[in-house]
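Chemist: So you can see what is in the structure, the chains are spelled out below.
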Amino acid sequence: MNVNKIKIGWFSFSCCEDNLVVFTEILNDHWQEWKKIFDFRHVNALKSKNIFDEFDIAFIEGAVASEKHKKKIEEIRIISKKVVAVGSCAITGMPSAQRNFFNEEQRENIEPLIEHFASFPKVLKVSEVVKVDAEIPGCPMDHNVFMKAVNNLIEEFRSHNT
Amino acid sequence: MDHISKVEGSAGLEVRVRNNKVESVHFKITEYKRFYTEAMKGKPILGLPQLLSRICGTCSNAHILCSIEACEKALEIVPSEQTWLLRILTMYGLMIRDHALHLYLFTMPDLFGRDSFLDFDENNPEEHQLLHDAFEIKATGNALATIIAGRSVHAPYPVIGGFTHFPAKKEIAEAIEKIKKIRPAVLRLIKIFEKCDFHFDRKTDFVAMVPERYGFLNGCIDSGKGDCLPEQYFGNFLERVVLPYSQASAYKHGGKAYMVGALARMNLAKERLHNETKKSLKETLDLFPSTDIYYNNLAQAIEILHSVDDAIEILENNKFKEEPLIKKPYKEGVGIGVVEAPRGTLYHKVEVGADGIVKGGEIVVPTGQNQINIEEDIWRLVDELIPETPKEKIEYEIEKLIRAYDPCMSCAAHFLEVKWS
Numbered sequence: 001m002n003v004n005k006i007k008i009g010w011f012s013f014s015c016c017e018d019n020l021v022v023f024t025e026i027l028n029d030h031w032q033e034w035k036k037i038f039d040f041r042h043v044n045a046l047k048s049k050n051i052f053d054e055f056d057i058a059f060i061e062g063a064v065a066s067e068k069h070k071k072k073i074e075e076i077r078i079i080s081k082k083v084v085a086v087g088s089c090a091i092t093g094m095p096s097a098q099r100n101f102f103n104e105e106q107r108e109n110i111e112p113l114i115e116h117f118a119s120f121p122k123v124l125k126v127s128e129v130v131k132v133d134a135e136i137p138g139c140p141m142d143h144n145v146f147m148k149a150v151n152n153l154i155e156e157f158r159s160h161n162t
Numbered sequence: 001m002d003h004i005s006k007v008e009g010s011a012g013l014e015v016r017v018r019n020n021k022v023e024s025v026h027f028k029i030t031e032y033k034r035f036y037t038e039a040m041k042g043k044p045i046l047g048l049p050q051l052l053s054r055i056c057g058t059c060s061n062a063h064i065l066c067s068i069e070a071c072e073k074a075l076e077i078v079p080s081e082q083t084w085l086l087r088i089l090t091m092y093g094l095m096i097r098d099h100a101l102h103l104y105l106f107t108m109p110d111l112f113g114r115d116s117f118l119d120f121d122e123n124n125p126e127e128h129q130l131l132h133d134a135f136e137i138k139a140t141g142n143a144l145a146t147i148i149a150g151r152s153v154h155a156p157y158p159v160i161g162g163f164t165h166f167p168a169k170k171e172i173a174e175a176i177e178k179i180k181k182i183r184p185a186v187l188r189l190i191k192i193f194e195k196c197d198f199h200f201d202r203k204t205d206f207v208a209m210v211p212e213r214y215g216f217l218n219g220c221i222d223s224g225k226g227d228c229l230p231e232q233y234f235g236n237f238l239e240r241v242v243l244p245y246s247q248a249s250a251y252k253h254g255g256k257a258y259m260v261g262a263l264a265r266m267n268l269a270k271e272r273l274h275n276e277t278k279k280s281l282k283e284t285l286d287l288f289p290s291t292d293i294y295y296n297n298l299a300q301a302i303e304i305l306h307s308v309d310d311a312i313e314i315l316e317n318n319k320f321k322e323e324p325l326i327k328k329p330y331k332e333g334v335g336i337g338v339v340e341a342p343r344g345t346l347y348h349k350v351e352v353g354a355d356g357i358v359k360g361g362e363i364v365v366p367t368g369q370n371q372i373n374i375e376e377d378i379w380r381l382v383d384e385l386i387p388e389t390p391k392e393k394i395e396y397e398i399e400k401l402i403r404a405y406d407p408c409m410s411c412a413a414h415f416l417e418v419k420w421s
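From first to last, the protein sequence lines stand for chains D and Z.
So the first sequence is residues 1 to 162, counted in my numbering.
So the second sequence is residues 1 to 421, counted in my numbering.
Calculated directly from the structure, the hints in this document are not laboratory data.
Beta carbons are placed, not taken as given, at the ideal position from N, Cα and C, and that holds for glycine.
Mixed in with the good hints, there may be bad ones.
[Stated by the list, open to error] In silico DMTMM-like cross-links for lysine to aspartate or glutamate, where the CA-CA straight-line distance does not exceed 20 Å:
| id | chain 1 | residue 1 | chain 2 | residue 2 |
| --- | --- | --- | --- | --- |
| 1 | Z | K33 | D | D29 |
| 2 | D | K49 | Z | E388 |
| 3 | D | K49 | Z | D121 |
| 4 | D | K71 | D | E108 |
| 5 | D | K35 | Z | E136 |
| 6 | D | K81 | D | D53 |
| 7 | Z | K195 | Z | D292 |
| 8 | Z | K43 | D | E108 |
| 9 | Z | K43 | Z | E351 |
| 10 | Z | K41 | D | E156 |
| 11 | D | K68 | Z | E14 |
| 12 | D | K49 | Z | E399 |
| 13 | D | K5 | Z | E231 |
| 14 | Z | K279 | Z | E376 |
| 15 | Z | K41 | D | D56 |
| 16 | Z | K393 | Z | D201 |
| 17 | Z | K41 | Z | E14 |
| 18 | Z | K391 | Z | E376 |
| 19 | Z | K180 | Z | E136 |
| 20 | Z | K33 | D | E104 |
| 21 | Z | K195 | Z | D286 |
| 22 | D | K36 | D | E156 |
| 23 | Z | K178 | D | D29 |
| 24 | Z | K359 | D | E54 |
| 25 | D | K131 | D | D29 |
| 26 | Z | K359 | D | E105 |
| 27 | D | K35 | D | E67 |
| 28 | D | K49 | Z | E231 |
| 29 | Z | K43 | D | E128 |
| 30 | D | K49 | Z | E136 |
| 31 | Z | K252 | Z | D222 |
| 32 | Z | K181 | D | D29 |
| 33 | D | K49 | Z | D110 |
| 34 | Z | K43 | D | D56 |
[Claimed, not checked] Negatives, chain Z to chain D, calculated, CB over 12 Å:
| id | residue |
| --- | --- |
| 35 | C220 |
| 36 | N317 |
| 37 | P387 |
[What the hints assert, rightly or not] What the simulated footprint calls covered on chain Z by chain D, stretch by stretch (three residues with Cβ under 8 Å from a Cβ of chain D suffice, anywhere in the stretch; the number is not a length):
| id | segment |
| --- | --- |
| 38 | 112-119 |
| 39 | 152-159 |
| 40 | 226-233 |
Given only the sequences and the hints, what does the whole structure look like? Please build it.
Modeler: As structure tokens, this is what we get:
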């Protein structure tokens with residue numbers, strides 16, 4: 001049933017998930033069309049039975065705050081044709097990476113929690129961990145920029161399949 | 001340790017069972033800390049609400065308004081009447097959009113035995129109607145937030161001292177038309193959750209900020225015990241509990257867990273709902289007060305209707321004009337903001353220096369306050385279901401119960417990693 005549909009994954013790491021909220025708002029206008037062309041294979045906000053096998057497009061929002069995050073993003077990269085970094089935290093690290101710029105006193109205050117939860121000493125942007133094919137900036141991402149990027153990717157997949 | 005399932009997500013659950021009795025339940029919020037209460041130190045107060053809105057994309061506009069209130073109290077700024085109306089409308093846009101997202105996309109699939117809301121069948125008349133209702137209601141909440149506050153996520157117009165942009169007449173007329181159009185869909189939604197046969201009843205305490213007329217921005221904190229605590233003392237009400245396994249702080253009051261959110265608000269203030277809402281829902285409202293956690297969903301649906309009815313009244317009866325921001329010289333001070341966010345009572349405290357630079361603060365979010373209550377519910381639920389129920393069914397029932405709390409985007413979103421031992 002999902003043959004020829006574009007396989008989509010959406011993954012959230014260290015962030016406020018504002019891009020995911022915007023994505024669910026864009027669905028208000030595009031759900032009928034997207035149901036026909038997309039196989040939402042792994043989107044936690046939309047379904048329970050998520051499949052983690054292969055993706056045509058993996059959207060990643062959020063910064064990389066731990067080894068667990070890093071490993072997951074590396075796995076996503078291996079099984080995805082296109083990796084798209086979405087939003088400011090994924091692309092620049094900020095504001096999730098604000099602790100990278102804390103002064104000594106602030107660092108001392110958070111140090112026990114960083115150790116307890118095995119967080120990275122410095123928060124990373126996604127491109128510091130894997131190759132990123134496209135970026136959709138913004139905090140949150142801009143509706144129109146997202147649509148333009150998605151439409152470009154759809155065109156690319158269609159031209160490869162014809 | 002008998003490991004049952006593992007799905008990627010930002011919360012997890014560890015249940016320890018011995019001789020068919022639950023020994024411990026750890027509901028873990030595993031989202032990595034982003035240290036906003038540390039990061040706010042040293043920032044100019046004028047930029048604080050926008051920074052703190054980035055705590056949560058789902059209810060960012062509640063964080064903005066809560067932070068603005070705290071900053072204005074610290075600077076002794078009293079906002080204009082029009083500013084209050086625009087803030088109320090901002091909250092209504094948020095409630096309509098956010099409750100609809102939770103009720104349709106996260107919860108409705110459980111009611112219809114589907115994996116995803118997008119799996120609903122467009123050829124089935126009822127499911128077809130629900131699909132269209134869902135996206136129309138969400139889009140209307142989004143549109144209301146956009147014309148009033150500039151955006152439904154991290155809204156740019158509300159700032160300390162007022163708004164930087166005002167809705168045009170034409171935008172207001174369009175908004176009224178759209179909001180009126182969704183009212184029948186909201187009534188259908190309420191009927192679905194009224195008829196829903198999910199129930200889980202356990203006595204607990206409910207806490208909410210109760211206003212003079214049903215709303216989300218002003219009032220005093222009611223815990224159903226007869227007293228109503230002014231906002232500025234809410235910090236003393238909260239007893240912080242450190243759960244070593246969770247990235248979020250948990251809270252009790254009087255040594256006991258309590259629940260915040262739509263169910264608490266409905267239990268404590270249903271008589272203050274908009275008159276049109278009360279007229280349409282006479283029998284439905286008789287179901288409250290209730291200790292059935294699944295009525296949190298029904299309470300959210302009712303809050304959408306209240307937001308619709310009151311937004312229409314405000315938009316039809318007020319003219320919005322350009323207004324300058326109210327500004328005051330910086331001064332040393334402490335300010336408290338309390339807002340009823342979609343998921344419950346939200347608390348912001350800010351301490352500012354005479355130079356307008358933030359010295360520190362505190363933020364308490366609804367999901368942290370509900371964390372221990374969720375654990376106690378799961379404990380009872382699992383005890384009731386063991387030993388006859390298969391573990392997969394227990395896990396599903398746990399997820400459903402957690403979703404009824406609408407804990408946060410990723411939590412509510414069908415994640416759950418359960419570890420059994």
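Chemist: Each of the hints needs a verdict: does it hold here or not?
Modeler: Hints versus structure:
With a CA separation close to 34 Å, the supplied pair K33 (chain Z) and D29 (chain D) exceeds the 20 Å bound. Restraint check for K49 (chain D) and E388 (chain Z): the C-alpha separation of about 25 Å exceeds 20 Å, so the hint is violated. The straight-line distance between the Cα atoms of K49 (chain D) and D121 (chain Z) is roughly 18 Å, inside the 20 Å bound, and the hint therefore holds. A C-alpha spacing of about 27 Å is found between K71 (chain D) and E108 (chain D), which places the hinted pair above 20 Å, so the restraint is violated.
Among the hinted pairs, K35 (chain D) with E136 (chain Z) is consistent with the structure: their alpha-carbon atoms are about 17 Å apart, no more than 20 Å. For the given pair, K81 (chain D) sits about 12 Å from D53 (chain D) by alpha-carbon distance, which is consistent with the 20 Å threshold. With a CA separation close to 14 Å, the supplied pair K195 (chain Z) and D292 (chain Z) stays within the 20 Å bound. About 19 Å separates the Cα atoms of K43 (chain Z) and E108 (chain D), which keeps this hinted pair within 20 Å; it holds.
Only pairs whose Cα atoms come within 20 Å are accepted, and K43 (chain Z) paired with E351 (chain Z) is accepted, the gap being roughly 11 Å. Simply put, K41 (chain Z) and E156 (chain D) have alpha-carbon atoms about 46 Å apart, too far for the 20 Å limit, and the pair is violated. For the proposed pair K68 (chain D) and E14 (chain Z), the alpha carbon gap of about 19 Å is at most 20 Å, so the pair holds. The suggested pairing of K49 (chain D) with E399 (chain Z) holds, with an alpha-carbon distance near 13 Å, which does not exceed 20 Å.
Taking the CA atoms of K5 (chain D) and E231 (chain Z), the gap is near 52 Å; set against the 20 Å cutoff, the hint is violated. Pair hint K279 (chain Z) plus E376 (chain Z) does not hold up; C-alpha atoms about 36 Å apart against a cutoff of 20 Å. Between K41 (chain Z) and D56 (chain D), the direct Cα distance comes to roughly 42 Å. Violation of the 20 Å bound is thereby established for this hinted pair. Among the hinted pairs, K393 (chain Z) with D201 (chain Z) is consistent with the structure: their alpha-carbon atoms are about 19 Å apart, no more than 20 Å.
Between the alpha carbons of K41 (chain Z) and E14 (chain Z) the distance comes to roughly 35 Å, so the proposed pair goes past 20 Å and is violated. For a cut-off of 20 Å, the pair hint linking K391 (chain Z) to E376 (chain Z) stands: about 19 Å separates their Cα positions. This hinted pair checks out: K180 (chain Z) and E136 (chain Z) have alpha carbons roughly 12 Å apart, not beyond 20 Å. Using a Cα cut-off of 20 Å, the hinted pair K33 (chain Z) and E104 (chain D) holds, with the two alpha carbons roughly 18 Å apart.
For a cut-off of 20 Å, the pair hint linking K195 (chain Z) to D286 (chain Z) stands: about 14 Å separates their Cα positions. Note on K36 (chain D) and E156 (chain D): the hinted pairing holds, with a Cα-Cα distance of about 17 Å set against a maximum of 20 Å. At most 20 Å may separate the alpha-carbon atoms for a hinted pair to count; K178 (chain Z) and D29 (chain D) meet this at roughly 15 Å. Distance hint between K359 (chain Z) and E54 (chain D) is unfulfilled; the C-alpha atoms sit about 48 Å from each other, more than 20 Å.
In summary, the hint linking K131 (chain D) to D29 (chain D) is not supported, as the alpha carbons are separated by about 31 Å, beyond the 20 Å threshold. Among the hinted pairs, K359 (chain Z) with E105 (chain D) is consistent with the structure: their alpha-carbon atoms are about 13 Å apart, no more than 20 Å. The hinted pair formed by K35 (chain D) and E67 (chain D) fails the criterion: a straight-line CA distance of about 34 Å is larger than 20 Å. Between K49 (chain D) and E231 (chain Z) the alpha-carbon distance is near 43 Å, which puts this suggested pair outside the 20 Å criterion.
Pair hint K43 (chain Z) plus E128 (chain D) does not hold up; C-alpha atoms about 28 Å apart against a cutoff of 20 Å. Restraint check for K49 (chain D) and E136 (chain Z): the C-alpha separation of about 26 Å exceeds 20 Å, so the hint is violated. A distance of roughly 15 Å separates the Cα atoms of K252 (chain Z) and D222 (chain Z); the hinted pair therefore holds under the 20 Å criterion. Pair hint K181 (chain Z) plus D29 (chain D) holds up; C-alpha atoms about 17 Å apart against a cutoff of 20 Å.
Using a Cα cut-off of 20 Å, the hinted pair K49 (chain D) and D110 (chain Z) holds, with the two alpha carbons roughly 13 Å apart. Between K43 (chain Z) and D56 (chain D) the CA atoms are separated by roughly 41 Å; this puts the pair beyond 20 Å, and the hint is violated. Every C-beta of chain D lies more than 12 Å from that of C220 (chain Z), the closest at about 29 Å, which supports listing it as non-interface. For N317 (chain Z), the requirement that its beta carbon stay farther than 12 Å from each beta carbon of chain D is met, with the minimum near 28 Å.
Its beta-carbon lying about 25 Å from the closest one in chain D, P387 (chain Z) satisfies the requirement of being farther than 12 Å from that chain. Proximity of the segment 112-119 of chain Z to chain D, defined as three or more residues with a beta carbon under 8 Å from a beta carbon of that chain, is established by the 5 residues found. Counting residues of the segment 152-159 of chain Z whose beta carbon lies closer than 8 Å to any beta carbon of chain D gives 3, which meets the minimum of three for the stated coverage. Counting residues of the segment 226-233 of chain Z whose beta carbon lies closer than 8 Å to any beta carbon of chain D gives 0, which falls below the threshold of three, so the coverage claim is violated.
The structure shown violates the earlier hints numbered 1, 2, 4, 10, 13, 14, 15, 17, 24, 25, 27, 28, 29, 30, 34, 40.
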